[in-house]
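Visitor: Given chain A, put chain B in place with the hints provided.
Protein chains: 2
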Amino acid sequence: MARNFEVFSGEVNLEKVEPLPEDFDPTAIIKDLLPPVVCNDAIVNGKEKKKEREIVLGRNVHTACLEVTEPDADDEVTGEREAYMASVLARYRKSLIERTKHHLGYPYNLDFDYGALAQLQHFSINNLGDPFIESNYGVHSRQFEVGVLDWFARLWELEKNEYWGYITNCGTEGNLHGILVGREVYPDGILYASAESHYSVFKAARMYRMECEKVKTLLSGEIDCEDFKAKLLLHKDKPAIINVNIGTTVKGAVDDLDLVIQTLEETGFTHDRFYIHCDGALFGLMMPFVKRAPKVTFKKPIGSVSVSGHKFVGCPMPCGVQITRLEHINALSRNVEYLASRDATIMGSRNGHAPLFLWYTLKPERVQRFPERSPEMSQECTLLEGPS
Amino acid sequence: MARNFEVFSGEVNLEKVEPLPEDFDPTAIIKDLLPPVVCNDAIVNGKEKKKEREIVLGRNVHTACLEVTEPDADDEVTGEREAYMASVLARYRKSLIERTKHHLGYPYNLDFDYGALAQLQHFSINNLGDPFIESNYGVHSRQFEVGVLDWFARLWELEKNEYWGYITNCGTEGNLHGILVGREVYPDGILYASAESHYSVFKAARMYRMECEKVKTLLSGEIDCEDFKAKLLLHKDKPAIINVNIGTTVKGAVDDLDLVIQTLEETGFTHDRFYIHCDGALFGLMMPFVKRAPKVTFKKPIGSVSVSGHKFVGCPMPCGVQITRLEHINALSRNVEYLASRDATIMGSRNGHAPLFLWYTLKPERVQRFPERSPEMSQECTLLEGPS
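Residue numbers (our numbering), protein chains in the order written: chain A, 1 to 388; chain B, 1 to 388.
Next up, chain A with everything else stripped away, as it sits in the complex (with noise of 0.2 Å):
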C-alpha cells in the first residue's frame, strides 16, 4: 500500500498543479521569519521538479514552518509582527485556494456551502463523551448529533432503539472503536482484514494487542475468501473480529460482504462467535445509493459501520460516523473501568462543529444528488489512495 501510494505521490498531484500566481512571492514580506507558504518547492517556484520522497518516520524535518512570534516591549515591533501575522495568513489563503482547485487525487467532496454555519463559527461548541449521556458542558451540538446518527441508522437500518454511535474524529477512529468493540465483546478474537485493509486497521491490532491474520488479495482488490478460510481454519477455536472493506483505499475495492459471512458460517462460526466491523471510510455511505452493490445493513450479521464524513458528504474538518449495536455498547458498560469512564468513545472531547456541518449538509438537495455523484466519485477513488 505504501508503495502505491508512493508511485501515485510523485505524479498525479504535482504534475497537475499550476503555479501561483506570478505576483506572488512568499519571501517577499519577512525575509527571515518567512518559510514558503506551501511545502514543495515545485509549487512555490512555478515549476514542476519530480523527486523521490523519502518516508523515514520520525524525522524531525522542518522543511515548512512558521514560528509563533513571541512577545515583546516594543510597541512598534508588536505592530509589525502583527502585519506579518495578517501577510502570513493573507497568502496562506492564496495558498489554500490554489491547492483547493488542484487537489486531484483525494476523494474529498469539496461541494460545501454553509453560509447559514458561519454565524456559529466563533463558539467553543464541544461534545463531551457519548451523545446519549448529557454533560455539565453547555455549549454542545449533541441534539444535532443524534440527529445525524439516527440519519446513519435509518441508512444501515438499524432500529432508533437499537443502535450506539457517534460522529467521530475521522475514519480512523471509527476503525479503532469498531475493532475495539469486537474485541471487548470477544476479548480472545483473532483479527481478520484484508492486506488492502486501510492501516489503521493494523494500527488497531498492535495498539490493542491483537492477533491478526492479514488475509490474501484478488486482483481486484477483494479479499480473498479462499485465504479467508484456510486461515479460519487454522483458529477454529478463537472467536473471529473481521474487517471488511467497503472501498479500499488504494483500488476502491468493496470486500464481498456476503461472501465473508457465508465463509464464515460454513466453516463453523456461528453467530454468536464472530463480529464483522464494515470500514466504509468512503464507500459505506454511497453504496446504499449505488445499484447492485453489495448493501450494508444491519439485517446482516455485522457489528459496526464506520465512514468518513469529510469525504463524501464534504465538510471542512476531518469527521466520520460510527454506528454499532447499542447491546454491544451495553456489554461494555458492565466493564467498571468503562462505567467509570462514563462514556464509551475514544476520544473524551469531540468538535461540535463537525455535527452541524453533517446535519446542515445532508440536507434534501444535497442527499437527491448523492446517486449522481456516487459513480462518479467512485471512479476518481479507483487507484488513488485517501486518508482515512
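For the record, the hints were derived by calculation from the structure and aren't laboratory data.
Below, computed lysine-lysine pairings styled on DSS-like, alpha-carbon distance capped at 30 Å:
| hint | chain 1 | residue 1 | chain 2 | residue 2 |
| --- | --- | --- | --- | --- |
| 1 | B | Lys160 | A | Lys94 |
| 2 | B | Lys216 | B | Lys236 |
| 3 | B | Lys94 | A | Lys160 |
| 4 | A | Lys214 | A | Lys238 |
| 5 | A | Lys231 | A | Lys299 |
| 6 | B | Lys295 | B | Lys229 |
Guide: Relative to chain A, chain B alone:
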C-alpha cells in the same frame, strides 16, 4: 471522580444560567419536528429544576435530537424545510450565546478573537498523519502546526531536533499517545497513576492491555509517594510507566514531579527503567508562568507532555498538543507495522484548523497576559472537573 462530577452538575451550572429572552419560543415554528433548542428543561422554560441525572452507559436516549430532513419531491415542502433549518440554526445560535455567557464550571478560555482566521473557515484543511512527513493532500496547515510545536518544545525545554509531537484532537488523545509511547518503549511496563488521574488514563490501560496500579492520593489530590513507593517495590522486576498529573481535573492538584522521580530512583529504578508521561491537560501550559510551581521540563527524565489547547489558550474546537522525545518515536519506527502506517499519531486525519487557531492565539498580546491569567484560571479550575 464521577461522584464529584455529579454533585457539581446539579448545582453550579444551572443556577447561574439566565432564562432565554421572553420572546423566545423554541416550539413556535414547526412543532412536530422541533425539540427544545437546549437539552435541559430547566433552561428552556426559564425555571430552575433540579433533578438527579442518571449516568447509565449505553443508554440511547433521544432527549434532544434534530432530525436530518429527507429529500422531498414537493418543492413547497422543500422550501418550508429550508426555512425550518434556517430557523433552527438561528435559535441554536441564540442558545449558544446564552450558554457561552454562563458556562461557569469549565476552565475554558473564551477570550479569543480570530477575525483574521474567518477567511479560512471554508477550506477543508486536513493534516494527515505525521506533521513532519509530507503528505499528498496539499490543503494542510503543517507549517503552522510545526511552528506551534516548536513553541511548546521551547516552553518545555526540548531542543528543536530532539522532539517529536503533533497537535491532537484533545487532551485525551495526548494521554492515549503518551501512554502508548511508554508501552512501546517498555512493552512489559506497569502503568502507575494516581486515583485522581483523568479517566482517559485508565481507559488507555484497558485499551492497551497494560497492567495498571492505581496509586493513592493525599488530601490535596496529589499522588501519595509513600503508596507509590510501596507499589513500585511490589513490581521491581518490571519497568514503570508513570502518569504524572500537572493539574488533576477535580482538585487541580499537581503531582510532585521531583518527588516522583526521587521515589523511582530510591526504589532502584534507573532512568532506563521508567517512562513518565505528564498529563498537563490544563496546567502544563500555565505552570511555566506561575512562580514557584513545579517545573515541567524535558531536562528532567520525562518522556512526554500533553496539554489541551482549547482550555487555556482558547480555541473554538477541542485540540491539544503532545510533545515527546524524538528518540522514542524513532524506537517506534523500527517496528515494521508502524513504518507501514507512515505516521505515529493516533488519529490519521487531523483538523487543520486547530493549528491555525493555536498559532494565531499564541500571539504576543495574549501570551503576555498568560502570567496574570494563570492564578485566576487555576482558582477557577479548583474543585471542578473538566473534560480532557
